[in-house]
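> Required output: the full structure, derived from the provided sequences and hints.
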Amino acid sequence: AQTIHQWPVAEIKAVGSPLSLGCTIKGKSSPNLYWYWQATGGTLQQLFYSITVGQVESVVQLNLSASRPKDDQFILSTEKLLLSHSGFYLCAWSLSGGASQNTLYFGAGTRLSVL
Amino acid sequence: QQKVQQSPESLSVPEGGMASLNCTSSDRNFQYFWWYRQHSGEGPKALMSIFSDGDKKEGRFTAHLNKASLHVSLHIRDSQPSDSALYFCAVSEPSSNMGYKLTFGTGTSLLVDP
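Just so you know, the protein sequences line up as chains A and B, in that order. The first sequence begins at 12 in the working numbering and counts up one residue at a time. The second sequence begins at 451 in the working numbering and counts up one residue at a time.
Hints are computed from structural coordinates only; laboratory data are not their basis. All C-beta atoms in this analysis are idealised placements derived from N, C-alpha and C, irrespective of residue type, glycine included. Any given hint could be a false lead.
To be verified - Quick list of the computed label-pair ranges, beta carbon to beta carbon:
hint : chain 1 : residue 1 : chain 2 : residue 2 : range
1    : A       : Gly-27    : B       : Arg-527   : 48 to 54 Å
2    : A       : Lys-91    : B       : Glu-459   : 41 to 47 Å
3    : B       : Pro-464   : A       : Thr-63    : 46 to 52 Å
4    : B       : Asp-503   : A       : Gln-66    : 32 to 38 Å
5    : A       : Lys-91    : B       : Asp-503   : 46 to 52 Å
6    : A       : Ala-119   : B       : Pro-464   : 17 to 23 Å
7    : A       : Val-71    : B       : Gln-455   : 14 to 20 Å
8    : A       : Gln-112   : B       : Ser-519   : 34 to 40 Å
9    : A       : Gly-27    : B       : Lys-507   : 48 to 54 Å
What follows is the structure, encoded as structure tokens:
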């Protein structure tokens, strides 16, 4: 069975500090990977997607970057956090072929508070 | 940025009742429609997808799609307290790289009173 693990579960960071969030998918080779951001009680905003190792496409500019160093790993990072980065970050995977016709499977998320 | 509007924003139904949620897209290129459910503090989970006009039933959940009006609805019969959650519709374009972009709606918060 496939599992998706996000780390850390929660972070409290200062404005201007760096950030690195991670996501690992086990049990599925060559998944499509996604990062989403969600304000408390709000909608989900897609940030990035990746079809293969080393390739990441940005969907919206939020002073964040993403990388896929391994087939099963997706990293979200920034060098300088802003207050607006606070929220819930969700990693997801789908079968190859995109999210149109394939289910997105989400991780449990990372709660980020920027103070 | 295409918009996906959901209504109502929040909804309260008694246990055993019927909950009806609505979603309208503003872009005719959107062809694939999904419903996702998110319990508090968790990641969303897919409920069902619907790609063709008409009804699709899965257990207590029925989705209805009208492509001409870009409207999709979700009906939950015999609502249970465990159905209390945020419900999102999500839409996607089928074309190549946009097939990887899934746009989520504004969400409906459902509360089922025991």
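> Holds or violated: the 17 to 23 Å window for the beta-carbon distance between Ala-119(A) and Pro-464(B)?
violated (31 Å)
> Indicate whether the distance between the beta carbons of Gln-112(A) and Ser-519(B) respects the range 34 to 40 Å.
violated (22 Å)
> Please check whether Lys-91(A) and Asp-503(B) have a Cβ separation lying inside 46 to 52 Å.
holds (48 Å)
> Is it true that Lys-91(A) and Glu-459(B) lie within 41 to 47 Å of each other by Cβ?
Once the Cβ atoms are compared, 34 Å apart, the range 41 to 47 Å for Glu-459(B) and Lys-91(A) is violated.
> Is 32 to 38 Å respected by the C-beta to C-beta distance linking Asp-503(B) and Gln-66(A)?
holds (36 Å)
> Starting from the range 48 to 54 Å, see whether the pair Gly-27(A) and Lys-507(B) falls in it by beta-carbon distance.
Holds, at about 52 Å.
> Cβ-Cβ distance between Val-71(A) and Gln-455(B): within 14 to 20 Å?
holds (19 Å)
> In this structure, is the beta-carbon distance linking Gly-27(A) and Arg-527(B) contained in 48 to 54 Å?
Because 51 Å falls inside the window, the suggested range holds.
> Taking 46 to 52 Å as the stated bounds, is the beta-carbon spacing between Pro-464(B) and Thr-63(A) within them?
Hint holds: Cβ distance 49 Å, inside 46 to 52 Å.
Violation of the numbered hints given earlier is confined to hints 2, 6, 8; the remaining hints are satisfied by the structure.
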